[in-house]
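Enquirer: Based on the sequences and whatever the hints tell you, model everything.
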Amino acid sequence: MTDTHQQHGEYKVVGGKLVVVDLHTDLDPRIHPREAKITAASVNGDFFLEPDEALGSLNAALIGLPTRATREEIAESVRAQLPAEAQMFGFDEYAIATAVRRALGHATRWEDHDWEVMPAVQLPVEMHVALDQVLTEEVGRGNRPPLMRMWDYSGRAVVIGSFQSLANEVDSEAAQRMGATVVRRITGGGAMYMDEGSFVTYSLSVPASLVDGLSFADSYPFLDAWAMEALTSIGITASYKPLNDIVSTEGKIGGAAQKRLASGGMVHHVTMSYDMNADDMLQVLRIGREKISDKGITSAAKRVDPLRSQTGLARAEILDAFVQTFATKYGARVAEIRPEELARAEQLVQEKFSTQEWTARVP
Numbered sequence: 001m002t003d004t005h006q007q008h009g010e011y012k013v014v015g016g017k018l019v020v021v022d023l024h025t026d027l028d029p030r031i032h033p034r035e036a037k038i039t040a041a042s043v044n045g046d047f048f049l050e051p052d053e054a055l056g057s058l059n060a061a062l063i064g065l066p067t068r069a070t071r072e073e074i075a076e077s078v079r080a081q082l083p084a085e086a087q088m089f090g091f092d093e094y095a096i097a098t099a100v101r102r103a104l105g106h107a108t109r110w111e112d113h114d115w116e117v118m119p120a121v122q123l124p125v126e127m128h129v130a131l132d133q134v135l136t137e138e139v140g141r142g143n144r145p146p147l148m149r150m151w152d153y154s155g156r157a158v159v160i161g162s163f164q165s166l167a168n169e170v171d172s173e174a175a176q177r178m179g180a181t182v183v184r185r186i187t188g189g190g191a192m193y194m195d196e197g198s199f200v201t202y203s204l205s206v207p208a209s210l211v212d213g214l215s216f217a218d219s220y221p222f223l224d225a226w227a228m229e230a231l232t233s234i235g236i237t238a239s240y241k242p243l244n245d246i247v248s249t250e251g252k253i254g255g256a257a258q259k260r261l262a263s264g265g266m267v268h269h270v271t272m273s274y275d276m277n278a279d280d281m282l283q284v285l286r287i288g289r290e291k292i293s294d295k296g297i298t299s300a301a302k303r304v305d306p307l308r309s310q311t312g313l314a315r316a317e318i319l320d321a322f323v324q325t326f327a328t329k330y331g332a333r334v335a336e337i338r339p340e341e342l343a344r345a346e347q348l349v350q351e352k353f354s355t356q357e358w359t360a361r362v363p
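The numbers in UniProt numbering rise by one with no breaks, and the one at position 163 of the sequence shown is 163.
Take the hints with a grain of salt, since some may be wrong.
With a straight-line Cα cutoff of 35 Å, these simulated DSBU-like cross-link-like pairs (lysine-lysine) come out [said to hold, decoys possible]: (1) Lys17 x Lys37; (2) Lys329 x Lys12; (3) Lys252 x Lys241.
If you are wondering where the hints come from, they were derived from the structure by calculation, not from laboratory data.
Expert: In structure tokens, the structure reads:
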């Protein structure tokens, strides 16, 4: 007689509805992962679906799928089974896929992890980008809990994205003249000009299972939902402008970037402008017309509206709001960077992040 196993998964669409799946599988996937299949399925939640009969098609789409099915395979099965006239409101086939992957143990939820939060510690900017790699590798290997880490830095810096051209993005002579350290990070995205006390930056080092089943586009607002709450707590109503801009009614606040590592970890970081010297920024960064062509503005200096002007709060108060919001929402305990992690980051600074070979890897 074949055993059956019941499994339950939930996914709340960011800005949408709750999707729940209850599954039965014919074999325990922990023992026979390559052979197990879904034998019964119930998709439910507070979403809207028309016509009513289409719910049966959603359930049928999951039956017979291997428990190792990928996000795309699950979504494709749902699309194939769903009647042409059917309409889903507040969810889609990828939301179902995420809930299924969670039910089958491939994806995790925030509450499945013990979280740490690290308040801002002033370190050289090269150490911050190195720590993004070190801490995320450790999280991916299961050697430390996932965490949110605030940045702090003295002096001036330019942090460019992993794939940006150094010459196209940075006026190196101006950076040298102004004493700005230029560093390349491991994530993609655009260049950041960081003057002392002028920015609010945090990094999330998480297991990739937390975003399993999510597209890159969906993972951004998913990982920063808590930060939107932190901004609300200081009087700012913010939202995502795809792919990675965070905006309020007053203008752009900041941007995010990510990278998934081979260790199974993922780093996601956000930089928001607290205060901005547009003249200094434009001396160092080469921001051309094409860069801002889809922003609805004519001047790069008008792209960003800093948190200071929007809130009137001291930067320390804003940093504290982010730490407290994260700690409260996820039950995170305050922690420090471990000595061996600092030592490894220092080694990476010497071998990688302070070298011209890395900084100018895209000349």
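Enquirer: Run every hint past the structure and note whether it holds.
Expert: For each hint, the structure was consulted:
Restraint check: the Cα-Cα separation between lysine 17 and lysine 37 comes to about 27 Å, which is no more than 35 Å; the hinted pair holds. Straight-line distance between C-alpha atoms of lysine 329 and lysine 12 comes to about 16 Å, which keeps the hinted pair within the 35 Å bound. For the proposed pair lysine 252 and lysine 241, the alpha carbon gap of about 9 Å is at most 35 Å, so the pair holds.
Figure legend: structure checked against the earlier numbered hints; every hint is met.
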